[in-house]
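K.L.:
Put together the whole structure using the sequences plus the hints.
These protein sequence lines are chains G and B, in that order. Using our numbering, you'd call the opening residue of the first sequence number 71 and step up by one each time. Using our numbering, you'd call the opening residue of the second sequence number 71 and step up by one each time.
Just so you know, the hints here were simulated from the structure itself, not pulled from any lab data. Every value quoted in this text rests on a predicted model; they were computed, and no experiment measured them. We put the CB at the ideal spot given by N, CA and C, even for glycine.
Derived pair list, reagent style PhoX-like, types lysine-lysine, alpha-carbon separation capped at 20 Å:
1) B/Lys179 with G/Lys425
2) G/Lys425 with B/Lys82
3) G/Lys82 with B/Lys425
4) B/Lys264 with G/Lys403
5) G/Lys142 with G/Lys116
6) G/Lys403 with G/Lys425
7) B/Lys303 with B/Lys422
8) G/Lys82 with G/Lys264
9) G/Lys242 with G/Lys82
10) G/Lys403 with G/Lys422
11) G/Lys422 with B/Lys179
12) B/Lys142 with B/Lys116
13) G/Lys264 with B/Lys403
14) B/Lys82 with G/Lys403
15) G/Lys126 with G/Lys116
16) G/Lys82 with B/Lys403
17) B/Lys422 with G/Lys179
18) B/Lys403 with B/Lys425
19) B/Lys422 with G/Lys82
20) B/Lys242 with B/Lys82
21) G/Lys179 with B/Lys425
22) B/Lys116 with B/Lys126
23) B/Lys264 with B/Lys82
24) G/Lys422 with B/Lys82
25) G/Lys116 with G/Lys218
26) G/Lys303 with G/Lys425
27) B/Lys303 with B/Lys425
28) B/Lys347 with B/Lys385
29) G/Lys385 with G/Lys347
Partial pick of chain G residues on the chain B-facing surface, computed with a CB cut under 8 Å:
30) Thr169
31) Leu175
32) Asp267
33) Thr286
34) Pro288
35) Asn316
36) Ala430
37) Val432
38) Gly447
39) Lys458
40) Lys474
There are 2 protein chains.
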Amino acid sequence: MNELEIKGQMAKSASAFLAVASEADKNRALLAMADAIYDNTDYIIKINGGDIAAAKEIGLAEGFIDRLTLTKQRIGAISNGIRQVAELPDPVGTYVSRTKRPNGLEIDKVRVPLGVIGIIYESRPNVTADAAALCLKSGNAVILRGGKESIGTNLALVGIMQEALIKEGFPKGCINLVEDTSRETATALMRLNKYLDVIIPRGGAGLIRSVVENATVPAIETGTGNCHVFVDKYADLSMARDIVINAKTSRPSVCNAEEKLLVHCDIAERFLPAMLKSLHEYGVTVVGDQTVCGLDPEAAPAAEEDWYTEYLDLKIGIKVVDSIEDAIAHINKYGTRHSEAIVTENIPNSTKFLKEVDAAAVYVNASTRFTDGFEFGFGAEIGISTQKIHARGPMGLTELTTTKYLIHGNGQIRE
Amino acid sequence: MNELEIKGQMAKSASAFLAVASEADKNRALLAMADAIYDNTDYIIKINGGDIAAAKEIGLAEGFIDRLTLTKQRIGAISNGIRQVAELPDPVGTYVSRTKRPNGLEIDKVRVPLGVIGIIYESRPNVTADAAALCLKSGNAVILRGGKESIGTNLALVGIMQEALIKEGFPKGCINLVEDTSRETATALMRLNKYLDVIIPRGGAGLIRSVVENATVPAIETGTGNCHVFVDKYADLSMARDIVINAKTSRPSVCNAEEKLLVHCDIAERFLPAMLKSLHEYGVTVVGDQTVCGLDPEAAPAAEEDWYTEYLDLKIGIKVVDSIEDAIAHINKYGTRHSEAIVTENIPNSTKFLKEVDAAAVYVNASTRFTDGFEFGFGAEIGISTQKIHARGPMGLTELTTTKYLIHGNGQIRE
Numbered sequence: 071m072n073e074l075e076i077k078g079q080m081a082k083s084a085s086a087f088l089a090v091a092s093e094a095d096k097n098r099a100l101l102a103m104a105d106a107i108y109d110n111t112d113y114i115i116k117i118n119g120g121d122i123a124a125a126k127e128i129g130l131a132e133g134f135i136d137r138l139t140l141t142k143q144r145i146g147a148i149s150n151g152i153r154q155v156a157e158l159p160d161p162v163g164t165y166v167s168r169t170k171r172p173n174g175l176e177i178d179k180v181r182v183p184l185g186v187i188g189i190i191y192e193s194r195p196n197v198t199a200d201a202a203a204l205c206l207k208s209g210n211a212v213i214l215r216g217g218k219e220s221i222g223t224n225l226a227l228v229g230i231m232q233e234a235l236i237k238e239g240f241p242k243g244c245i246n247l248v249e250d251t252s253r254e255t256a257t258a259l260m261r262l263n264k265y266l267d268v269i270i271p272r273g274g275a276g277l278i279r280s281v282v283e284n285a286t287v288p289a290i291e292t293g294t295g296n297c298h299v300f301v302d303k304y305a306d307l308s309m310a311r312d313i314v315i316n317a318k319t320s321r322p323s324v325c326n327a328e329e330k331l332l333v334h335c336d337i338a339e340r341f342l343p344a345m346l347k348s349l350h351e352y353g354v355t356v357v358g359d360q361t362v363c364g365l366d367p368e369a370a371p372a373a374e375e376d377w378y379t380e381y382l383d384l385k386i387g388i389k390v391v392d393s394i395e396d397a398i399a400h401i402n403k404y405g406t407r408h409s410e411a412i413v414t415e416n417i418p419n420s421t422k423f424l425k426e427v428d429a430a431a432v433y434v435n436a437s438t439r440f441t442d443g444f445e446f447g448f449g450a451e452i453g454i455s456t457q458k459i460h461a462r463g464p465m466g467l468t469e470l471t472t473t474k475y476l477i478h479g480n481g482q483i484r485e
Numbered sequence: 071m072n073e074l075e076i077k078g079q080m081a082k083s084a085s086a087f088l089a090v091a092s093e094a095d096k097n098r099a100l101l102a103m104a105d106a107i108y109d110n111t112d113y114i115i116k117i118n119g120g121d122i123a124a125a126k127e128i129g130l131a132e133g134f135i136d137r138l139t140l141t142k143q144r145i146g147a148i149s150n151g152i153r154q155v156a157e158l159p160d161p162v163g164t165y166v167s168r169t170k171r172p173n174g175l176e177i178d179k180v181r182v183p184l185g186v187i188g189i190i191y192e193s194r195p196n197v198t199a200d201a202a203a204l205c206l207k208s209g210n211a212v213i214l215r216g217g218k219e220s221i222g223t224n225l226a227l228v229g230i231m232q233e234a235l236i237k238e239g240f241p242k243g244c245i246n247l248v249e250d251t252s253r254e255t256a257t258a259l260m261r262l263n264k265y266l267d268v269i270i271p272r273g274g275a276g277l278i279r280s281v282v283e284n285a286t287v288p289a290i291e292t293g294t295g296n297c298h299v300f301v302d303k304y305a306d307l308s309m310a311r312d313i314v315i316n317a318k319t320s321r322p323s324v325c326n327a328e329e330k331l332l333v334h335c336d337i338a339e340r341f342l343p344a345m346l347k348s349l350h351e352y353g354v355t356v357v358g359d360q361t362v363c364g365l366d367p368e369a370a371p372a373a374e375e376d377w378y379t380e381y382l383d384l385k386i387g388i389k390v391v392d393s394i395e396d397a398i399a400h401i402n403k404y405g406t407r408h409s410e411a412i413v414t415e416n417i418p419n420s421t422k423f424l425k426e427v428d429a430a431a432v433y434v435n436a437s438t439r440f441t442d443g444f445e446f447g448f449g450a451e452i453g454i455s456t457q458k459i460h461a462r463g464p465m466g467l468t469e470l471t472t473t474k475y476l477i478h479g480n481g482q483i484r485e
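P.N.:
Structure representation (structure tokens):
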């Protein structure tokens, strides 16, 4: 038996245990996991040091190394994150609806765990603990497949969490890590229908494409965000400037960051010069259409491909549009249906934008950066879905459950 | 451009129209479609006659021909079905939640159409009209791909519905039919990510397997039902007999029909002889384990493969189990997670069964035949989902929608 078969069986068996575990027991296990991670801080840092050294040796980028690195403070945050998950309400067992039919059948729709969840992600060890905690709280077993550069740290974290689980009487198979980090095994995980109920890729466009192309397990796409801010002719231009700067520069590497700025032609000459100056002050590289390049000698002409691109960097594409209709059409053509914003003081325009833009989150007069499980008040987040089925936008614990109809009768048969 | 590209573009464009269409306008279009179908009864019967003649000529089975056949009465029922869809409440625009965050952001979660839905189904022309009506009411454009033997009838029905739509000011692309009924084009439809938001296969196990294997568009699996009835040792045996006969024989060709009977060993000798006699009276063929074959000279031994098989016929597999735990383990191993029932007067056992059986619908003391959108009170049904993401069990109009977050701010930026 290969690794996936063994871990699939372990996860499947653990999922039956978790499906009927009480909230109190799950919280006890989570707190034990949080304690164990905290108590093993020094050990984790040591093991993580090996991963970091190897990553540096092969010359990986600074941002990559930063996401891979665990410090005492970051391990404390991971441990606290698990504690916070323990405090969140358990969605399992809650009623979605209760109906009594004319024939006397009582039909209850209740939340139940999905079962076994596969998660494929990059070399960010914090995701290992986060995802494990969210899956456990929602009654799901998990099979984790993290980036190969973090395998040492992930093995340490999962080993520590498994030991804590076993002490609390939970099966080890609640949390599983794929140790073979080859691409072939990642693809095999996407096709492990026998054991997996859903697969969630968390990562860049390449990973998402690979899942769409290869997965036979139902997948929830997350996290690609080519987000736009449209500055309407009725915008408060000072508010617009603050929103653009925040959306673009507060954390350019994340999926809810702004990638494109659309400006109504009627205010372009009034708005853009100061806006462009601000962007340059924040170190943002600009590509743009003819008008933008005419106003900004530093701007390069945008290629068609630019309008599709999620830079995840201090770079922005700017385009002047003739109307709100053009702005909406552009967003619906080039966007990734993640987060889109309009800045306007005009209610018909804000209503039109909210209604016609096809995205998980559509904003009026606020930064796109708020699309996030914590900012939305869910207390946690496993990712941001950019597809339409099952979940759309930030996914909290509820999105890690499905439903089941429980029907009570007293001998009803169908005519 | 090939057919799918043309129809994909038409559907995508129509979906933008439908997404903002009012409920009143959609109902007007639906009533016009219902009228047009009714008014063209003779024409439809004539065209359908051609499909039937061709199907008979190649010797297709009686049940197949029956499902393909439209009569005056059946066309009346199709027309009335569309009228009933017009009367159902429109889920689009309803609020799932409304939250005001401490920073003043107002976050509304509202229902919106999925966009463009692909439906692949067998040679059942009633599905053509049903699916078109449900998709239109829920604001979705649809691309239909029905069985090749019904292509004449489907073309007639879709042509009539499109003409009615156009008269009401709706784009023709709201309802599209794939005219090339080759397998290659069906597979291409499953991979039409550029235009489709979801694909729903309605059909047998072979079609579902093909979608799981080939689809890159998010899919909702429907309709495979290897459903069990477990007669517990605490069962009312007369009730058990009625439920088994109803679940097995009232309509054996549908997915919510019983395929397997599990009987607790303590009551097997008391229950089975009369039960087997009844089943034979209803013309049911029995395969079973050793105990069953010992009690019934007409029963054939069940092969391992039998326990996995959805017969969709007057045939049943019967097994005696040692305990409720064995019954649950058998169901979770061999079942298709559709509909499962226990007959018992013992509350701890019914609670255990409801909790531990992993299926869309779990029944206590009622026939599995009730798993159906109409019986559940949804007023309509596009299919019965046997997967866990997005929708589980009967899917009504709500399950043909997704959600969108609409966020109102007054200049909020993220720290």
